[in-house]
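Enquirer: These are the residues of each chain, in order.
Protein chains: 2
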Amino acid sequence: MNEVTLSIDEAKQLCIEALTASGASEINAEITAEALVRAEIDGQKGHGLSRVPSYSAQVKSGKVNGTAQPVIEDVKPGLFRVNAGFGFAYPALRMALPELCLRVKQNGIAAAAIHRSHHFGVAGQPCEDLAREGFIAFVYGNTPKAIAPFGAKEKVLGTNPIAFGAPLDTDPLVIDFALSTVARGKIMAAKQAGRSIPQGWALGPDGEPTTQAETALQGSMLPIGGVKGAALALMVEIMSACLAGAALGAEAGSLFEGEGEPPDLGQVVLAIDAASLSAGNFSSRIKDLAAIYEELEGARLPGLNRLKNRKTAAEDGLLVPGPLLEEIRHIKQ
Amino acid sequence: MNEVTLSIDEAKQLCIEALTASGASEINAEITAEALVRAEIDGQKGHGLSRVPSYSAQVKSGKVNGTAQPVIEDVKPGLFRVNAGFGFAYPALRMALPELCLRVKQNGIAAAAIHRSHHFGVAGQPCEDLAREGFIAFVYGNTPKAIAPFGAKEKVLGTNPIAFGAPLDTDPLVIDFALSTVARGKIMAAKQAGRSIPQGWALGPDGEPTTQAETALQGSMLPIGGVKGAALALMVEIMSACLAGAALGAEAGSLFEGEGEPPDLGQVVLAIDAASLSAGNFSSRIKDLAAIYEELEGARLPGLNRLKNRKTAAEDGLLVPGPLLEEIRHIKQ
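Chains as they are written, first to last, in this note's numbering: chain P, 1 to 333; chain V, 1 to 333.
Do not take every clue at face value.
Note: identical chains are not told apart, hence a pair may lie in one copy or across any two.
[As the list claims (entries may be wrong)] Think about it this way: if two alpha-carbon atoms lie no more than 20 angstroms apart in a straight line, the pair counts; the simulated EDC-like pairs of lysine to aspartate or glutamate are: (1) 105 <-> 74; (2) 308 <-> 99; (3) 105 <-> 316; (4) 153 <-> 288; (5) 287 <-> 154; (6) 153 <-> 297.
Just so you know, the hints here were simulated from the structure itself, not pulled from any lab data.
Only chain P is shown next, with the shape it has when bound in the complex (with noise of 0.2 angstroms):
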């Protein structure tokens, strides 16, 4: 595939250039293109670059408010609300990252909810900037349906990833996944190349298993784990939609397409200062746990990809299929 290298800087202004021709706020425009280039140079593309279109369409028909300025909610010293005023999510969650920190430090634990809200990205980026001020993090959130309950025919939940991050050494540890096998775009890759896909990844619309991956797209992503993986999402569900009194991924319109109504989706973030609830023995014990990691012969700490995603994009800047390059580059209002 034609590809095209661009420097980090230059990925983040063509982004900004983008949204703000949009219609999007200077402010929202450069938080949003710093969550979607540290996407892209962590490796997770799906939620990088290739999001900018359909971003700006979102931001020109309305749907997502690109002017959009969140707004703090104090509920309890532990707890607060910060509404996304239907705007990006990344705004309202730079805004409750700082007041979190504040919060956790003088009650040892906090959570904020983010409601009106959409596609929050890399779940993982919040948790990593929490981790290295010290603190365990979770960010629950929702996605539009996907996944069937378990011995169900329909999609009900979202692919729901599972955050968490943790203080180890100079780099966090970093779990991050969607709770579906694959990713859904793996199999419209497949789709694509007229390819079938593997046993157990996705179900057709009548609720039996499928290699075919157009009858998949029609149909549900299956999750790990069988009935445990459905609970885990069904969880996730609710941490996200229901504890933000935000809507379920069954009610939540796509995050892609440009027209529709705002998908309303919500976000939980929850931080607890680690060193303090164990006494001191937090940073010594995690130590002792990933040591047990490096010595054990083919056993690795999640995450490290990112990492070293993140030493290329420094060293050699970022690669981009040149049709997407040029569909951001003609983005006009």
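Since chain P is already given, all that's left is putting chain V on it; use the hints.
Expert: Using the frame of chain P, we list chain V on its own:
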């Protein structure tokens, strides 16, 4: 099999007598018996009366301090620690819950870390209790090593359950399962019956998949969802052992054998005021989600078996294997 029907009160009295005869204090025996009988009622026999002989042996040997009195240590407004004093976990959990509720009412969110602890039984029990108070609840606890890190041959992580409770109508929604594909007990049963086990349950000591129960028992349990489930087991290990400042699953001794050092396991209980964080929307949102499940063919919410078993036990009492009953009755100091 020869089974005997006991009333719930008879079962509880039997546990109390065995534990006090072994050297446990009245109060610790009573609290522990309640947790075991509650597990038995809910059909979770692996955490029920079957534990009484090994619990008694551990009190007799001093591996469990049967007269320990848990002590609360304040940390921050939203955090506290409970020193279980190398006693049973249940008295520490019993002490933690009302304190946790008080702090959640004040702060909106709070967490308790229990250290110098032991087998904590059905993690869904405290989750359910907290959900009945209107709170979202998580319980994190590790267990002795059973699962290998993804790609490795040696077991490092416990079967580390995920446990979650959320308020919903009269009975909370409770999610509670180990991160191994199946319970180790199923492999032990297959060995006793001379049966092979399905692919996907376990690895042999060489790190290769096995269908031989004997080989599996020398090897490691497979986590749900491959690399993702192994990461979840790691997350639970960090949230319990590291965050409580307790022993890693890789360090902890057996929860069954009478001899050996105290396992020194850790548990973390976390609760959130769901109504407050959701600005009053939680109750209606989770009802909407539950209604989707109820109307969808084939779908069912997790944890319903528990309620069915509870109803059966209330009506018909508890069916206990005759040999186990004899063994418990013969426990003397």
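Enquirer: Decide, hint by hint, whether the structure agrees.
Expert: Results for each hint:
1. Taking the shortest Cα distances, residue 105 and residue 74 sit within 20 angstroms of each other both inside one copy (16 angstroms) and across copies (15 angstroms).
2. In this assembly of identical chains, the alpha carbons of residue 308 and residue 99 never lie at most 20 angstroms apart, being 31 angstroms within a copy and 44 angstroms across copies at closest.
3. Within a single copy, residue 105 and residue 316 get their C-alpha atoms no closer than 39 angstroms, and across copies no closer than 52 angstroms, so neither meets the 20 angstroms cut-off.
4. Taking the shortest alpha-carbon separations for residue 153 and residue 288, only the inter-copy value of 19 angstroms comes in at or below 20 angstroms, while the best intra-copy value is 45 angstroms.
5. For a Cα distance limit of 20 angstroms, the shortest separation of residue 287 from residue 154 across copies, 19 angstroms, qualifies, whereas the shortest one inside one copy, 44 angstroms, does not.
6. For the identical chains of this complex, residue 153 and residue 297 are inter-copy neighbours only, at 8 angstroms across copies versus 41 angstroms inside a copy, given an alpha-carbon limit of 20 angstroms.
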